[in-house]
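Engineer: Given next are the chains, with one letter for each unit.
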Amino acid sequence: MGAVLLLSVGTVWGLAFAPADYQQGNSFRIMYIHVPTAIVAQSSYMMMGVAGLILLVWRMKLADVVAAAIVPLGFSMTLIALFTGAIWGKPTWGTWWIWDARTTSMLVLLFLFIGVGALRDAISSVETAGRACAVLAVVGMINIPIIKYSVDWWLTLHQSSSISLTSAPTMPSSMWVPLLLNILGMYCFFGAVLTSAVRTGILIREQNTVWVAEVVAGEVDNDVF
Amino acid sequence: MKKSGFTMHPVRKKRLLIVLFVFFGLALAVTLTMQALNQNINLFYPPDEMVDGSAPQNIQIRAGGMVKADSLNRLHDSLEVRFTISDLKGSEFPVKYVGILPDMFREGQGVIATGKLLDNGTFEATEVLAKHDENYMPPELQDMVKKNDS
Numbered sequence: 000m001g002a003v004l005l006l007s008v009g010t011v012w013g014l015a016f017a018p019a020d021y022q023q024g025n026s027f028r029i030m031y032i033h034v035p036t037a038i039v040a041q042s043s044y045m046m047m048g049v050a051g052l053i054l055l056v057w058r059m060k061l062a063d064v065v066a067a068a069i070v071p072l073g074f075s076m077t078l079i080a081l082f083t084g085a086i087w088g089k090p091t092w093g094t095w096w097i098w099d100a101r102t103t104s105m106l107v108l109l110f111l112f113i114g115v116g117a118l119r120d121a122i123s124s125v126e127t128a129g130r131a132c133a134v135l136a137v138v139g140m141i142n143i144p145i146i147k148y149s150v151d152w153w154l155t156l157h158q159s160s161s162i163s164l165t166s167a168p169t170m171p172s173s174m175w176v177p178l179l180l181n182i183l184g185m186y187c188f189f190g191a192v193l194t195s196a197v198r199t200g201i202l203i204r205e206q207n208t209v210w211v212a213e214v215v216a217g218e219v220d221n222d223v224f
Numbered sequence: 000m001k002k003s004g005f006t007m008h009p010v011r012k013k014r015l016l017i018v019l020f021v022f023f024g025l026a027l028a029v030t031l032t033m034q035a036l037n038q039n040i041n042l043f044y045p046p047d048e049m050v051d052g053s054a055p056q057n058i059q060i061r062a063g064g065m066v067k068a069d070s071l072n073r074l075h076d077s078l079e080v081r082f083t084i085s086d087l088k089g090s091e092f093p094v095k096y097v098g099i100l101p102d103m104f105r106e107g108q109g110v111i112a113t114g115k116l117l118d119n120g121t122f123e124a125t126e127v128l129a130k131h132d133e134n135y136m137p138p139e140l141q142d143m144v145k146k147n148d149s
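Read top to bottom, the protein sequences are chains A and B.
Numbering-wise, numbering that gives the first Met the number 0 puts 137 at position 138 of the first sequence, and it's gapless, one number per residue.
Numbering-wise, numbering that gives the first Met the number 0 puts 25 at position 26 of the second sequence, and it's gapless, one number per residue.
What you were told as hints is all true, and nothing was included just to trick you.
Selected chain B positions facing chain A (in silico; Cβ < 7 angstroms):
{"no.": "1", "residue": "R11"}
{"no.": "2", "residue": "R14"}
{"no.": "3", "residue": "L15"}
{"no.": "4", "residue": "V18"}
{"no.": "5", "residue": "F22"}
{"no.": "6", "residue": "L25"}
{"no.": "7", "residue": "A26"}
{"no.": "8", "residue": "V29"}
{"no.": "9", "residue": "I40"}
{"no.": "10", "residue": "L42"}
{"no.": "11", "residue": "I111"}
{"no.": "12", "residue": "N134"}
{"no.": "13", "residue": "P137"}
Derived from the structure by calculation, the hints contain no laboratory data.
The beta-carbon is built from N, C-alpha and C at its ideal position, and this holds for glycine as well.
Make a model of the complete structure from these sequences and hints.
Structural biologist: Now the structure itself:
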């Protein structure tokens with residue numbers, strides 16, 4: 000609910016009411032989709048990496064369910080970020096794509112999500128697949144600081160960050176407030192979808208246990224009623 | 000007797016140490032590789048490297064910087080344009096380009112050009128991309144800034 004509210008207010012505000020940019024005109028408005036998805040994509044990968052660490056060290060089955068549920072979500076977020084980035088790049092930079100450090104490392108993130116997903120599908124034993132994916136997820140976390148600092152460490156076409164936790168945003172509040180709403184909304188959306196996916200994941204993984212059988216029986220009874 | 004404070008099962012502790020060791024080992028390896036490849040990861044040559052001779056001549060490279068104010072010169076009978084790219088710190092080089100500039104091309108804004116550095120120090124570009132910075136501003140605010148400046 001919170002996600003729907005935040006995202007709709009932020010998007011409508013950002014796309015329709017926030018002022019146009021003095022250089023880019025209306026093109027910059029795609030930022031209201033591009034930035035939240037890119038941030039959540041990276042956070043979701045970090046979350047998958049931490050879940051991988053927990054699985055490898057503490058062997059918690061729940062961590063593996065979470066990691067598995069993050070893959071399609073993180074993949075979608077990364078894909079949307081890259082796609083909106085291309086749409087933004089064409090009118091402003093003059094090109095859809097450039098192999099600079101930021102865009103390339105973000106493409107690597109997309110391939111990491113694809114790789115973790117494919118690895119899970121390729122191994123038939125749930126336990127082995129989980130551990131293999133955890134190793135890949137943990138190792139892939141090295142890419143996250145590279146994405147974040149790529150625009151500071153190297154010369155890139157992509158501009159530096161406009162908003163951060165530590166310094167003032169490089170735009171007036173009429174522009175950054177809707178952006179902030181959309182970032183929070185995207186996190187809520189991610190949280191809501193992830194929770195529901197994890198719930199389903201637990202039921203699928205524990206389908207042969209007594210408690211799942213009881214839950215399912217309860218559901219069936221309720222449906223009849 | 001139970002020890003007070005945070006204790007970890009020895010097997011888990013060992014696993015944690017292995018994971019951390021592998022992770023930081025790989026992170027170190029990646030860092031060193033990045034350091035070694037630093038020059039190749041940079042997308043373009045900045046103006047000072049174009050001037051001091053570190054940029055190779057007569058092969059396709061990318062060069063970037065700020066378009067110097069009042070340096071844009073359009074030829075009337077063709078699409079040829081000439082402008083100067085500067086780092087606003089004293090290094091600058093002339094650019095020759097035949098084609099249509101991107102909409103966001105402005106004097107005083109960043110650009111990245113693909114092309115060849117000729118022997119006479121001119122950069123002959125085959126593609127020009129506009130680089131915009133991380134600052135966003137409504138047009139009205141920009142007018143106010145201009146008024147205050149003048």
